[in-house]
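Take a look at the letters that make up each chain.
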Amino acid sequence: MRASLLADSRWRPWEVVAWVVLWALPVALPSHAALINEIAILALFALSLDLILGYAGIVSLGHAAFFGLGAYGAGLFAKHVMPDPLVGLAVAMAASAVLGLVTSPMIVRGSDLTRLMVTMGVALVLYELANKFDTLTGGADGLQGVVMGSLLGVFEFDLGARVASVYSMAVLFVAFIVLRRVVHSPFGSSLQALRDNRLRLSAIGLSVNGRLAAVYTLSAALAGAAGALLTQTTGFASLDAFDFHRSADVMLALVIGGAGWLWGGLAGALAFKVLHDLIASLTVQYWTFWIGFFLVVLMLVGREKLLRPWTWWKRQP
Amino acid sequence: MLTLLFDGIAYGMLLFVLSLGLAVTMGLMNFINLAHGAFAMAGGYIVVLLMQKAGWPFLACLPAAFVLTALLGALLERLLYRHMYGKPHLDQVLFSIGLVFMAVAAVDWGIGSEQKYVQLPEYFRQRFEFGSGALTLGMGSYRLFVVIVCVLLALVLQALLARTRFGARLRAAVDDPRVAAGLGIPVDRVFMLTFAVGSGLAGLGGALGADLLGLEPNFPLKYMVYFLIVCAVGGTSSITGPLVAALVLGIADVFGKYYVPKLGSFIVYSLMIAILLWRPQGLFVRQGSR
Amino acid sequence: MSEVVLRTHALVKRFGGIVATNDVSLVVARGARHALIGPNGAGKTTLINLLTGMAPPTSGRVELLGQDITTLAPHKRVGLGLVRTFQINQLFASFTPLQSLALAVASRLDAARRCWQPVGSDAAIAAETETLLSRFRLLEHAEQPTRELPYGKRRLLEIALAVAQQPKVLLLDEPAAGVPAAERADILATVAALPADVAVLLIEHDMDLVFSFAKRITVLVNGAVLTEGAPSAIAADARVKAVYLGDVETAHA
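Chains as they are written, first to last, in the working numbering: chain A, 644 to 960; chain B, 28 to 317; chain C, 37 to 289.
There could be a bad hint or two in this list.
What the hints assert, rightly or not - Selected chain C positions facing chain A (in silico; Cβ < 7 Å): (1) Ala-91; (2) His-111; (3) Gly-115; (4) Gly-117; (5) Glu-166.
What the hints assert, rightly or not - Derived lysine-lysine pairs resembling BS3-like cross-links, with alpha carbons at most 30 Å apart: (6) A:Lys-916 x B:Lys-249; (7) B:Lys-114 x A:Lys-916; (8) B:Lys-284 x A:Lys-775; (9) C:Lys-112 x C:Lys-204.
Unchecked claim - These stretches of chain A come out as covered by chain B in the derived footprint (C-beta under 8 Å, 3 or more residues): (10) 759 to 770; (11) 893 to 903.
By construction, these hints were calculated from the structure, which means they are not laboratory data.
Because the structure is a prediction, the values reported are computed rather than measured.
Here a beta-carbon is modelled for each residue, glycine too, at the ideal position from N, C-alpha and C.
So here's chain A without its partners, still in its complex pose (with noise of 0.2 Å):
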């Protein structure tokens, strides 16, 4: 029973593989270092939102509103207090943190639809804050000319972004072994059950809101690390951090992946890029208009089924 319980924490060869692979990849493909380090901070992105839609089951469409405060926390900590990466990283993810653990009463109470609401007019209200503060924040135009120090006292930013892309790596690698750790734990037991059934937990003594606060909390401070790693790997921070289309685009690559097991925020993040990359060198309409056209299709058939081929054909019991 208990060899039972603790296999299913264990490391699967495939997922050491995997890791193998993705740490292959900005030393065997250099010249896509841009495009791996955009990989690597939106599945740090990803992460972050499956850990409360995919195992606490909270529909939130502002995740960017964490991903926003930490992409300018970390940029205007570098300008006007200190440089160093590490330590913008670690202030961007405080930040991000302080406004999820400040939040969480919100979306803790109500419907849906109020969480979907609420989380979305968090993101909305710091988009306006940032574009009103123009003279600290760049307003409309971003926050230009964020210049990093060198990593560990080491390793300087180029302009090819390879130490970027290694970079945004590592931070990734830190936190998918983290999170793997906290979900395989009783925690991470516990929000699961939290997702499936919030009477029974409560009913087992353990305190949903608490849990959710937590969570929330957690997940925020993994999204402003995405946005620190963003700013400081680009040297610029705009609005769109904010936008509304960055909340969206990081759901659609969870979904694709699959919420509910970590590799889905990597998964998709890759799968979103690469796609994103061949279709919008066609058109940014075509992309538009695909992406669309794909969710419309994937919700009708039924999201589990993507990455399970041989469901494909299966009938619903």
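Please build the complex by placing chains B and C on the supplied structure of chain A, with the hints as guidance.
This is chains B and C only, laid out in the frame that chain A set:
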């Protein structure tokens, strides 16, 4: 300032008509339809195309916008939406986002991304002024027209709901679809009809609002939040709820954008968050409703 | 004299114009085998919801082991020893019984907030989980997702989750409801085998179960206590018969 108030009321009434279909869909089918704005956009473009390509007069285009959009709504309900009832809200949200993306891209490709303008007839470009100084009330004749039409619509709809058999069936189906079906009410047809009328209203609202709100492919995404706010704050179980919410929203937005332009819709969004925190089920909730 | 573990003082619950719970003062002693019966709509489940904190009372008090818990959050009452089962199964559909019980045990041992150790690393929790699985005849289904279990087994899991909390007061809401005849014996045996010092408040419609189990019965009608006493007294009470049988008896008289 009175002028601002009037403008706010006009804007609010327009939002009301636009959002009503969405509120009913949500209350009736428990379906979160983020593509509602696309029907509004369709109405707007129908007016533009009919006027420019077919030479129709403006007033004639309005009923056409209603009817054509209603037909479109009925068609989509039958073919697509029907399969999504009862699915988790996340799926519905993503589905309707997909539809919006398709609509936005299709319009962008087919019609072009520049804003399209409606040539209002002469009598709608008048402006009446009453009073003087700070208490000046300036009313554009078009805005006045919009307010009148929307008020009439609200009254007609309220009467329809309260006094006709269809209204009674609709109310029954909203309260409890299973029991309603058990009583022999054709819930399927009620849904389709309601969805069609709701979409038609959105189309009419879009036609009316093309001049006031700006018609371009991104319209559904730009205004989606507003429609959702009206429904979330006003609740989906009455007509008066969304009406009041839309008016408050319209007035707050107009005043906010006038006095603090840089913050844009900040006031509206913060107000919404505050209201939803205070009353998560919206401002107007019947006892025992969803 | 057995001590009182659960007590309510003049508990009232109003929903708009309806009085669902009408001035109920209930006393449950340690080790009690107490049944709550009444016709449909008598307010039994409402009363349970008031006791467990899922609904706030309009007025009145609830006391657990002498402590006033009237405004205490539901999950905290569980920690103090007040546990319930649900009339309609409330289970974790995607979890296996093994995972569900492991979480329940971890919760009781205050280990459910650990976020680094993998589930299963605590030997004590694992051992206790296995004991529970065996006791509730769930061993052979231990690793099947709950949604695939037969109904009777799910009902057993429902009770097992409650017992895993080592309650001082256990509220069983119609444990045998909907269970096919073949699997009822399991349920009945389980209920009979509950520890002697746990106070059990049983809501049931199945009179066989009630009379074989209970040593004290409270009859609830229209939200108020009609009468209370030993099973033999209740069985002989004309008012109770009238309430259950309606006018049938008088019509035939």
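Here is how each hint holds up against the structure:
Hint status for C:Ala-91 relative to chain A: violated, with the closest Cβ pair at about 13 Å, above 7 Å. Residue-level restraint check for C:His-111 holds (minimum Cβ-Cβ distance to chain A is 4 Å; threshold 7 Å). Look at C:Gly-115: its Cβ gets to within about 5 Å of chain A, closer than 7 Å, so that hint holds up. The beta carbon of C:Gly-117 is not positioned within 7 Å of any beta carbon in chain A (closest approach about 10 Å), and the interface hint is therefore violated.
Look at C:Glu-166: its Cβ gets to within about 5 Å of chain A, closer than 7 Å, so that hint holds up. Pair hint A:Lys-916 plus B:Lys-249 holds up; C-alpha atoms about 25 Å apart against a cutoff of 30 Å. Taking the CA atoms of B:Lys-114 and A:Lys-916, the gap is near 28 Å; set against the 30 Å cutoff, the hint holds. Our distance criterion of 30 Å between C-alpha atoms is met by B:Lys-284 and A:Lys-775, whose separation comes to about 12 Å.
At roughly 14 Å between alpha-carbon atoms, C:Lys-112 and C:Lys-204 fall within 30 Å of each other, so this suggested pair holds. For the region 759 to 770 of chain A, the stated coverage by chain B is satisfied: 8 residues place a CB nearer than 8 Å to a CB of that chain, which reaches the threshold of 3. Requiring three or more residues with a Cβ within less than 8 Å of a Cβ of chain B, the coverage given for the region 893 to 903 of chain A holds, as 3 such residues are present.
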